[in-house]
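Participant: Chain C is fixed; fit chain H onto it per the hints.
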Amino acid sequence: MNRSKQQFTTQVCPYGGGVMKGRIMRKHRLITLTAAAIIPVMALSACGGAKNETASSTPQGEQTVTFWYSSAGHAVQTINDLVSTFNKEHEGKIKVKASYQGSYTDAQQKFSAAVQSKSTPSIMQTDGTSTAFMIDSKQATPIYELAKGDKSFDDSVVPAIARKYYSDSKGMLSLPMSISVPTMYINKQLATQAGLDPSNPPLTFDEVVQWANTIHAKTGAYGYGQYMSDSWMLEVLSATGGMNICNPDNGQNGKPVTGITMSSDLQVKTFQKIADMFKSGVGLNTGTRNTDVAANFSANKLGIALSSSAAYTVMGPADNVVVAQFPSTSSSKKAGPLMGGNSLWVIKGNHSEAEQKAAFEFGKYLMSPHAQALFSKSTGYLFANKEAAKEPEGKALMADPNMKVFYKQLDTTPLSSVSLGCRTGAFPLIRKDVIASFNDALSGKDMKASMQDAETKAATDIASYNKAAKK
Amino acid sequence: MVRRSKLSQGLMVLLGIILTAIVLLPVLYIFIGALTFNASGNVSRPTFSNFTSAARSMPLVRQVCNSIVVTVCQTAGQIITAILAAYAIVFCNFKRPQLWMMVFLLSLMIPGETTILSNYLSVTSWGLIDTLPAIFLPYLVQGFTVFLFRQAFRSFPSELRDAASIDGAGHFRFMFHVLLPITQSTVLAATINSAVSAWNGYFWPLLVTNSPESRTIQVGITQLSGAESSHMGVVLAGSAIAILPTLILTLCFNKSLRGMTVAGGLK
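Keeping their order, the protein sequence lines are chains C and H. By UniProt numbering, the letter at position 457 of the first sequence is numbered 457, and the numbering carries on one by one without gaps. By UniProt numbering, the letter at position 70 of the second sequence is numbered 70, and the numbering carries on one by one without gaps.
Hints were generated in silico from the structure; no laboratory data involved. A portion of the hints provided could be inaccurate.
[As the list claims (entries may be wrong)] Label pairs and their in silico Cβ distance ranges:
{"id": "1", "chain 1": "H", "residue 1": "L25", "chain 2": "C", "residue 2": "A436", "range": "27 to 37 Å"}
{"id": "2", "chain 1": "C", "residue 1": "K255", "chain 2": "H", "residue 2": "R45", "range": "39 to 49 Å"}
{"id": "3", "chain 1": "H", "residue 1": "L25", "chain 2": "C", "residue 2": "K269", "range": "38 to 48 Å"}
{"id": "4", "chain 1": "C", "residue 1": "T456", "chain 2": "H", "residue 2": "R96", "range": "48 to 58 Å"}
{"id": "5", "chain 1": "H", "residue 1": "L28", "chain 2": "C", "residue 2": "Q452", "range": "43 to 53 Å"}
{"id": "6", "chain 1": "H", "residue 1": "L28", "chain 2": "C", "residue 2": "R289", "range": "16 to 26 Å"}
{"id": "7", "chain 1": "C", "residue 1": "T456", "chain 2": "H", "residue 2": "L108", "range": "28 to 38 Å"}
{"id": "8", "chain 1": "C", "residue 1": "G254", "chain 2": "H", "residue 2": "R45", "range": "54 to 64 Å"}
{"id": "9", "chain 1": "C", "residue 1": "S229", "chain 2": "H", "residue 2": "L25", "range": "19 to 29 Å"}
{"id": "10", "chain 1": "H", "residue 1": "V72", "chain 2": "C", "residue 2": "T412", "range": "51 to 61 Å"}
{"id": "11", "chain 1": "H", "residue 1": "F31", "chain 2": "C", "residue 2": "K395", "range": "34 to 44 Å"}
{"id": "12", "chain 1": "C", "residue 1": "S464", "chain 2": "H", "residue 2": "T115", "range": "14 to 24 Å"}
{"id": "13", "chain 1": "H", "residue 1": "V43", "chain 2": "C", "residue 2": "K408", "range": "47 to 57 Å"}
Yeah, the Cβ is synthetic: ideal placement off N, Cα and C, and Gly gets one too.
Just chain C, with the same shape it has in the complex:
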């Protein structure tokens, strides 16, 4: 076939023939292509709306419950085991499908998208600080509604502070699944090497600083390390100083939060002590790598670590770890360390009442003593059900004197707005602002100015959140 150069340059795609025929061909092709493009799109949109099922009842009446969780690491195997045990016990009646959804933040974003596409799960695990977000989203059915008339549910087995944390004035809103408390880990070897007695741990933050300096001076290891990937530790240190970090009343009295307090004298003084320790080399600044705290502690390179009880399983070796009550920064009666952890929310959405009740059954199962004991054993979280201490696994855990310290701290925390911590849906924004300002201060900026900066930024962020949440 001999095609002339002329044809190639004057036609779109040559099919033989003259220019005129080429033009008609072109128009033909255009119409064909357009039609070819539109038809699949129309077909696909016709498919829409047909598959919006979230969870359905199978013909035999088995209720499917979808469970979204964010626990990772050691917790995953335990959750899978608990889910298969539950499914076996409730075979034919309830079937739970559990799926990991990334970090709490990722899961929350996915949840927000799922609300719009009406594909929310039946029951969802969120962390404690997202309590206000879930309340504001109005997507969850409160537990006190589901528990009406249910004799098997007794919320007095929940530790008092956890019960209050996840309730409002009418009753419990979500089921606490696990609890963590901030705590202080002391490296026995380094402490004794420095001439200090780990069985008489420091009680105030000033004493902690003294211990840190001594350990560093006598052994050369770092004296102090803390959880640094967000501002949680700064909030805890404020709480143990008797301060409400959010105004008004930490958002615990029904009124929405409008601002934060981070630049009071007590807070600035405490934060400055941390900054000084980092600067002088006594303290180890691990930035966003929280695992470094455990790694250094276990390698006997870190003497005192302020972290979470959930890190207990990776602080090793076991006989070298002494757990002590979180240090206080003042002697106020309202003061107490904040608790953390996660809870289970039964989602309303377009889930039937039968499904919500089934989800509540599963939630109750996860809160049962046996499940709680297993979960605590594999994760280091504390029981959300006091009865779990009577289970064989629970008894084995409680035999450890370090665990007893965690529970004592949990039980003796006063039920004040200070120790309940801030309740606002804008928590992630606040944390981002505060830790950014704290890092500024660590790089040399004045601490008080940085914290005031954080307060201003947080106030703007909170205002935009409140506007979006129509508060």
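Facilitator: Relative to chain C, chain H alone:
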């Protein structure tokens, strides 16, 4: 070639080794850690126990297969559509080829985060949630790849084009027998680029899948690492499995990857 003394040659080799070590260090850390680390990151005897632990907590092999399927489909889609689009823009005489190119370039200017939610709603309404096609469907075409090929094709000598047409080659014959063999480095570079980004996708696969069996490896390994506590060795084992294929790909096609920076210049 510049003649160098033995000493300066030796120094260059030493410098090369040091730079290589610095770049390779994180990768070495992952593999050594996966084999030797225990729960808190301290070294113990080399063992495969971390890999078996990782495989126990999630369907590892299935997820690697999922990742491979998604990567192959996504890369194939992007490369084929990009070659065809760039060919049409450069070689089929459009009145305003720049306009068509602008359409593709506009897609580059829209950040991915803005389209994620609407894509999610579309995928949900089509009932594709928790399936593999949902993961690669929105990414079957990529504006950047079109741009890459268009640049490579533009610098293709027109004399060769004319010679081929005189010899009677139609579009497809020209493309497969003349154009692509010559722009091979661009094709390889674009393929590797697409493959690596397809392999590394995290948030979108997390969003559209629910069950562990339909997830990709990148989502799967995040399950190994908890916020406050995790088994360092197992986390590194998961990471090792996740980076292995892209590592092999990069090592095998090293030369072509370097060629990507000169994709525009054919001479």
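Participant: Run every hint past the structure and note whether it holds.
Facilitator: Consistency of the hints with the structure:
Distance hint check for H:L25 and C:A436: the Cβ-Cβ separation is about 29 Å, which falls inside the suggested range of 27 to 37 Å. A hinted range of 39 to 49 Å for the beta carbons of C:K255 and H:R45 is inconsistent with their spacing of about 59 Å. Our hint of 38 to 48 Å for H:L25 and C:K269 holds, since their Cβ atoms are close to 41 Å apart. For the pair C:T456 and H:R96, the supplied restraint of 48 to 58 Å holds, since their beta-carbon distance comes to about 51 Å.
Checked against the given bound of 43 to 53 Å, the beta carbons of H:L28 and C:Q452, roughly 45 Å apart, stay inside it. Roughly 18 Å separates the CB atoms of H:L28 and C:R289, a value that falls within the hinted 16 to 26 Å. The hint said 28 to 38 Å for the Cβ distance between C:T456 and H:L108, and at roughly 36 Å that hint holds. Between C:G254 and H:R45 the CB atoms are about 58 Å apart, so this pair conforms to the stated range of 54 to 64 Å.
Under the hint 19 to 29 Å, the C-beta atoms of C:S229 and H:L25, about 23 Å apart, fit the expected range. Range check, H:V72 to C:T412: about 59 Å between beta-carbon atoms, so the 51 to 61 Å window is met. Taking 34 to 44 Å as the suggested C-beta distance range, the pair H:F31 and C:K395 conforms, at roughly 41 Å. Taken as a hint, the range 14 to 24 Å holds for the pair C:S464 and H:T115, whose Cβ atoms sit roughly 23 Å apart.
For the hinted restraint 47 to 57 Å between H:V43 and C:K408, the CB-CB distance of approximately 36 Å leaves it violated.
Checked against the numbered hints listed earlier, the structure breaks hints 2 and 13; every other hint is satisfied.
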